[in-house]
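Residue numbers (this note's numbering), protein chains in the order written: chain A, 1 to 568; chain B, 1 to 568.
Keep in mind that the hints were calculated from the coordinates and are not lab data.
Among these hints, one or two may not hold up.
For chains that are exact copies, the list does not tell them apart, and a pair is met inside one copy or across any two.
Calculated cross-link-like contacts (lysine to any residue; reagent style SDA-like; alpha-carbon spacing at most 20 Å) [as the list claims (entries may be wrong)]:
#1 Lys364 x Lys407
#2 Lys133 x Asp123
#3 Lys68 x Met320
#4 Lys243 x Asp123
2 protein chains.
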Amino acid sequence: MAAFVPVAAVVGARSSTWTGAASPAPPGLPVRAARSARAAVPAGLTMVAAPVGNVAEEKAKSADFETKVFLKEQVHLADTSEYIVRGGRDVMTRLPKAFAGVKSVGVIGWGSQGPAQAQNLRDSFADFGVDAKVTIGLRAGSASEKAAMAQGFSHEDGTLGEMYDVIAKSDMVVLLISDGATALCYKKVLDAMKPGSTLGLSHGFLLGHMDATGDTFRDDVNVILVAPKGMGPSVRRLYVQGKTQNGAGINCSFAVQQDATGTATDLAIGWAVAIGAPFSFQTTLRNEYRSDIYGERGILLGAVHGIVESLYRRYTFQGMSEADAFVHSVESITGPISRTISKRGIKAVYDDLPNDEARATFSKAYAASYKPAFDILIECYEDVECGNEIRSVINANKRYGRLPMGKIDGTRMWVVGKDVRAARVEENIPVDPFTAGVYIATMMAQIDVLMEKGHVLSEIINESVIESVDSLNPYMHARGVAYMVDNCSITAASGSRKWAPRFDYNLTQQAYVAVDEGEDLDMSVVDAFVNHPIHPAVVECAKLRPSVDIALSGSVADDAARSTMMSA
Amino acid sequence: MAAFVPVAAVVGARSSTWTGAASPAPPGLPVRAARSARAAVPAGLTMVAAPVGNVAEEKAKSADFETKVFLKEQVHLADTSEYIVRGGRDVMTRLPKAFAGVKSVGVIGWGSQGPAQAQNLRDSFADFGVDAKVTIGLRAGSASEKAAMAQGFSHEDGTLGEMYDVIAKSDMVVLLISDGATALCYKKVLDAMKPGSTLGLSHGFLLGHMDATGDTFRDDVNVILVAPKGMGPSVRRLYVQGKTQNGAGINCSFAVQQDATGTATDLAIGWAVAIGAPFSFQTTLRNEYRSDIYGERGILLGAVHGIVESLYRRYTFQGMSEADAFVHSVESITGPISRTISKRGIKAVYDDLPNDEARATFSKAYAASYKPAFDILIECYEDVECGNEIRSVINANKRYGRLPMGKIDGTRMWVVGKDVRAARVEENIPVDPFTAGVYIATMMAQIDVLMEKGHVLSEIINESVIESVDSLNPYMHARGVAYMVDNCSITAASGSRKWAPRFDYNLTQQAYVAVDEGEDLDMSVVDAFVNHPIHPAVVECAKLRPSVDIALSGSVADDAARSTMMSA
Numbered sequence: 001m002a003a004f005v006p007v008a009a010v011v012g013a014r015s016s017t018w019t020g021a022a023s024p025a026p027p028g029l030p031v032r033a034a035r036s037a038r039a040a041v042p043a044g045l046t047m048v049a050a051p052v053g054n055v056a057e058e059k060a061k062s063a064d065f066e067t068k069v070f071l072k073e074q075v076h077l078a079d080t081s082e083y084i085v086r087g088g089r090d091v092m093t094r095l096p097k098a099f100a101g102v103k104s105v106g107v108i109g110w111g112s113q114g115p116a117q118a119q120n121l122r123d124s125f126a127d128f129g130v131d132a133k134v135t136i137g138l139r140a141g142s143a144s145e146k147a148a149m150a151q152g153f154s155h156e157d158g159t160l161g162e163m164y165d166v167i168a169k170s171d172m173v174v175l176l177i178s179d180g181a182t183a184l185c186y187k188k189v190l191d192a193m194k195p196g197s198t199l200g201l202s203h204g205f206l207l208g209h210m211d212a213t214g215d216t217f218r219d220d221v222n223v224i225l226v227a228p229k230g231m232g233p234s235v236r237r238l239y240v241q242g243k244t245q246n247g248a249g250i251n252c253s254f255a256v257q258q259d260a261t262g263t264a265t266d267l268a269i270g271w272a273v274a275i276g277a278p279f280s281f282q283t284t285l286r287n288e289y290r291s292d293i294y295g296e297r298g299i300l301l302g303a304v305h306g307i308v309e310s311l312y313r314r315y316t317f318q319g320m321s322e323a324d325a326f327v328h329s330v331e332s333i334t335g336p337i338s339r340t341i342s343k344r345g346i347k348a349v350y351d352d353l354p355n356d357e358a359r360a361t362f363s364k365a366y367a368a369s370y371k372p373a374f375d376i377l378i379e380c381y382e383d384v385e386c387g388n389e390i391r392s393v394i395n396a397n398k399r400y401g402r403l404p405m406g407k408i409d410g411t412r413m414w415v416v417g418k419d420v421r422a423a424r425v426e427e428n429i430p431v432d433p434f435t436a437g438v439y440i441a442t443m444m445a446q447i448d449v450l451m452e453k454g455h456v457l458s459e460i461i462n463e464s465v466i467e468s469v470d471s472l473n474p475y476m477h478a479r480g481v482a483y484m485v486d487n488c489s490i491t492a493a494s495g496s497r498k499w500a501p502r503f504d505y506n507l508t509q510q511a512y513v514a515v516d517e518g519e520d521l522d523m524s525v526v527d528a529f530v531n532h533p534i535h536p537a538v539v540e541c542a543k544l545r546p547s548v549d550i551a552l553s554g555s556v557a558d559d560a561a562r563s564t565m566m567s568a
Numbered sequence: 001m002a003a004f005v006p007v008a009a010v011v012g013a014r015s016s017t018w019t020g021a022a023s024p025a026p027p028g029l030p031v032r033a034a035r036s037a038r039a040a041v042p043a044g045l046t047m048v049a050a051p052v053g054n055v056a057e058e059k060a061k062s063a064d065f066e067t068k069v070f071l072k073e074q075v076h077l078a079d080t081s082e083y084i085v086r087g088g089r090d091v092m093t094r095l096p097k098a099f100a101g102v103k104s105v106g107v108i109g110w111g112s113q114g115p116a117q118a119q120n121l122r123d124s125f126a127d128f129g130v131d132a133k134v135t136i137g138l139r140a141g142s143a144s145e146k147a148a149m150a151q152g153f154s155h156e157d158g159t160l161g162e163m164y165d166v167i168a169k170s171d172m173v174v175l176l177i178s179d180g181a182t183a184l185c186y187k188k189v190l191d192a193m194k195p196g197s198t199l200g201l202s203h204g205f206l207l208g209h210m211d212a213t214g215d216t217f218r219d220d221v222n223v224i225l226v227a228p229k230g231m232g233p234s235v236r237r238l239y240v241q242g243k244t245q246n247g248a249g250i251n252c253s254f255a256v257q258q259d260a261t262g263t264a265t266d267l268a269i270g271w272a273v274a275i276g277a278p279f280s281f282q283t284t285l286r287n288e289y290r291s292d293i294y295g296e297r298g299i300l301l302g303a304v305h306g307i308v309e310s311l312y313r314r315y316t317f318q319g320m321s322e323a324d325a326f327v328h329s330v331e332s333i334t335g336p337i338s339r340t341i342s343k344r345g346i347k348a349v350y351d352d353l354p355n356d357e358a359r360a361t362f363s364k365a366y367a368a369s370y371k372p373a374f375d376i377l378i379e380c381y382e383d384v385e386c387g388n389e390i391r392s393v394i395n396a397n398k399r400y401g402r403l404p405m406g407k408i409d410g411t412r413m414w415v416v417g418k419d420v421r422a423a424r425v426e427e428n429i430p431v432d433p434f435t436a437g438v439y440i441a442t443m444m445a446q447i448d449v450l451m452e453k454g455h456v457l458s459e460i461i462n463e464s465v466i467e468s469v470d471s472l473n474p475y476m477h478a479r480g481v482a483y484m485v486d487n488c489s490i491t492a493a494s495g496s497r498k499w500a501p502r503f504d505y506n507l508t509q510q511a512y513v514a515v516d517e518g519e520d521l522d523m524s525v526v527d528a529f530v531n532h533p534i535h536p537a538v539v540e541c542a543k544l545r546p547s548v549d550i551a552l553s554g555s556v557a558d559d560a561a562r563s564t565m566m567s568a
């Protein structure tokens, strides 16, 4: 319980210059000037698709919650405090109370999250006496029927059916179809639901789409969210491990968008606990979709892809062999850098550098990269915030039938990478200090944008650090970039393709030129990094991470079978 | 007059498979399937920012016009016909009739177009007896005052004033401030205008912004557009040449969005003629901003930048010296390829290739590049169409105070390029067949998207071919990429930075890999290229191009002084 400190003992007090998460001042960026410039925009200029739900509103909504079933605990992260709920087998005894009145849970879709959540819910209900049936709903003739039947769901016992039939009969609908499919059929889904039932989402995308179209939910249903911070296969694998090893599981955020029955909060927390979340923190649907869509375009997928492409090119141009360039870019990030961050926090990478020369190299790379990365990241956040990114995803989904997404890993670099991975000796992979500087500057810039935009630190750390170093980078380490990118949602895969080249160009044109030309670098961003309040907060969060690493299953084929494409 | 053929003699009849500009079928892309998929989207899914003014509506609006002052001529382009108006010194005698009732023209802003249009209007009014005064309107304390005074505008004689004062006194307001500034102050501009006066725009951006915000123009003013197909300095330089050499000038599109007085069409054409347009064709404000914003993100700026970055990298990796790689990528496109297209059309580049081997290389590059380029181009068009791109520009403008646009030409390639340009022997620059294939495939894909979206061929050819090979590529040839990109509007400069890397990645990941891996290429796209109806249409349009090349002025400093930044 070391993670939970008294309210008074505010972690992060060591940062003297930082003014708090609500109004961070990334060094070198005159925030105040920008804000007043923004305030000067005439009121009439508000756009139709301007942000719905401002930073302060969303922050306030995520600050606290009331639970009648679970224990909430206060956790102090930097100079803020949040409430979380701890899960695990002992807490699952409370599930019958959380799910009181829920006799039927319809899990709609069999993509990445569907199989995992459906099986976890079924197991938890059985093990802890929840009197509710889990039924899979698929569209008529779905190719996923067989896969669902292989996991024991069947038409015969009423645990497998046509999606709208299942929705109409369910007290709780867990809608896990793809974003594109959700946008297409959510009206029909809502229409089919029973009054007083609960719509459960694992992604705020639908609200983002409705924000962009001016639509709202019917008010006689609950609308809640549980968003596991890992891919479906991990959610299932760690849950199974968690049956014998308490604490294994994937952390979740939860949110209550609408509470029609007065029980929505405990249903949301109960759902998170039932699928195995070791701990859950609160957010809002709006902040969830913003941080999620932004995060995957940033350091989780898009940015890390753009970074390694740019570094590989740089290193080969400087004379490294192709294999060495791959090791010093991709392998360094997805291997030792990620592991160090995962175990001991971001700053440990810097602290571990062997000598002054390495620290100087890191610092130069960091100082040169921070602003070019920040530039793309804030553009990306604001594109998500104003609805552009969601509109683009919807438009892209309409085009994919005619113009499928292209391959991203046929280039020389990834062909070389395959051989490098095959011949890998894990202990020999170096932490390249230049690579570390670029990567960590981008991660920190991502964090600073989210802090500026008012997200809670749990969410920031999960979407910028934990999901990266514990979930996605290890996948990339094992299988390469395309595997990682394309085993996420279509929203993520298309967004990653869109933003990776932006990071590549900005870093190449600005950061690397600045270093090579010996330009005066703003070293204050490195000081800000060293003293950043996120470091102790990451360490706190690390204490809440699952006790079991997010392992990889045996084969690519095994995972690939779990397509993330629309499968309802 | 060879350009004008009888209605019956439809050019482009040689294309047997093409079904007309209204429903082109780019080979390899199942248009019909895509369309029915789109039609299957439930009506309720319409987005707030979905396209206003559909393809057919905009096409119909641009098809014909009535003029009481000028001669309209029918021109046949492929299997469509359009009406145009020829300009020149002899036609300027009609200006007093076109500007009847207009005693005061206020030119607002002194950026790229402002100095050119203001001086051209003043000269034409003086030379042809138009009884109207041209007054420059600038914001109070504008740094551009001195530049305007140096061109003979002055407070003393009432030809220079505070912008809103000038607007209030003008019968016609020519609003030439930057897009960002326009979005900020258009309400105040509209409020200041006299009833029955005319708002003149040189870019449909404002309508795009109003489409995105749901705003409309007050209905007691005319709203017209004249969009010169070249940068301001060229509009001035060729006008001056046109005084002695009839036919020199920059072509324009014109549009009437609102005709409150019944004279709007002739005012629009008169404005185009008065600033020196050798010929003018009609569009709509909506199609203008769509094709313009899309075009500059495509082959005019963004795509050509991404293409040459990707080719330079490819050629150096294949073992060429850096200088040679620059010659075979940038120099080849901005030199001989552009010149050939300018003089003899797109297909001439292919026809001129010296042997079968070169044609095979071109064809492979073309076949591999067409779809990856089409992919990004249609994404870009649809981002413009749904308002995303304009929202992004507005958001970007708000950030530039804090995060200025970064440099794009500090990388090794552009440093090498500077030396290559300095040592250039024009005649020795080769047409690299691979480079030509990639570049022309992208240009053709841009054309096909615009045809699919229902633009008139004059507009398509101007925004995809003429502006590129006659205006922007020559600038790039003389001064390099950053000069070209950053001497256009902020909208163009930011859009180019955004889209260039997308083309680079798609070509590198898909096209070049396909060529290098010997993948089966869809050669039908090359057949479609050879038989494309655009070729005779480009030749027709080429006959309408200015008789004088768009020359460059002496020095970079000279041009740089004509900043395109907001200067009103």
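Status of Met320 relative to Lys68 across identical chains (alpha carbons, at most 20 Å): neither (60 Å within a copy, 71 Å between copies)
Within, between, both or neither, where Lys243 and Asp123 count as close if Cα-Cα is 20 Å or less: within (10 Å within a copy, 86 Å between copies)
Copy assignment of Lys133 with Asp123, given that the CA separation must stay at most 20 Å: Within one copy only: 11 Å inside a chain, 83 Å across chains, cut-off 20 Å.
Alpha-carbon proximity between Lys364 and Lys407, which holds within one copy, between copies, both or neither at 20 Å: The answer is between: 19 Å across copies meets 20 Å, while 34 Å in one copy does not.
In terms of the numbered hints stated before, the structure departs from hint 3 and from no other.
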